[in-house]
Structures are given as structure tokens and as C-alpha cells.
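Peer 1: Could you build the full structure based on these sequences and the hints that come with them?
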Amino acid sequence: MAVPAREKLSPTEQTLAYLIGLGVTVAVVALALAALGTIDNSNVTTSLLLVGLALVVVGIGAW
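Start counting the sequence shown at -5; every next residue gets the next number (this note's numbering).
It is worth saying that the hints were derived from the structure and are not from the lab. What you are looking at is a predicted structure, and each value in this text was computed from that prediction instead of being measured. The C-beta atom is built at its ideal place from N, Cα and C for all residues, glycine as well. You can trust all of the hints, since none of them are fake.
FRET-style restraints, in silico, Cβ to Cβ:
{"id": "1", "residue 1": "48", "residue 2": "26", "range": "13 to 23 Å"}
{"id": "2", "residue 1": "47", "residue 2": "6", "range": "17 to 27 Å"}
{"id": "3", "residue 1": "-2", "residue 2": "19", "range": "19 to 29 Å"}
Peer 2: Written out as C-alpha cells, the structure is:
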């Protein structure tokens, strides 16, 4: 009988998993924007990338 992963995690672990997922998503969006060249100001994409990676690091560290 398969048990979904969400049921195996405590509420705190679920929140941290969502935080890590959000960080990965923000980082991927930043990389996609940089690759497409849709934003002329590279500071925006760099900031998004750093925020995304910071969310991942904080989430993993708190886990």
C-alpha cells in the first residue's frame, strides 16, 4: 500500500519542503529569464537567483 510522501512529513517538514520548492522555482525562473534575455537589467535576474538559492539554503538548514 503506497503512502503519499506528504503524509509521512510533519507539518513543519511540509512547510520547509514547500520553502525549498519555492526557492528552486524562483531560481529556475531567474535562470530562464536570464537565458531568454527578456529583462535588460541583469541585477533583477541576479537578485531573483540569489533569493531563490537563499530560500533553498535556509530551508535545507532548518530541516
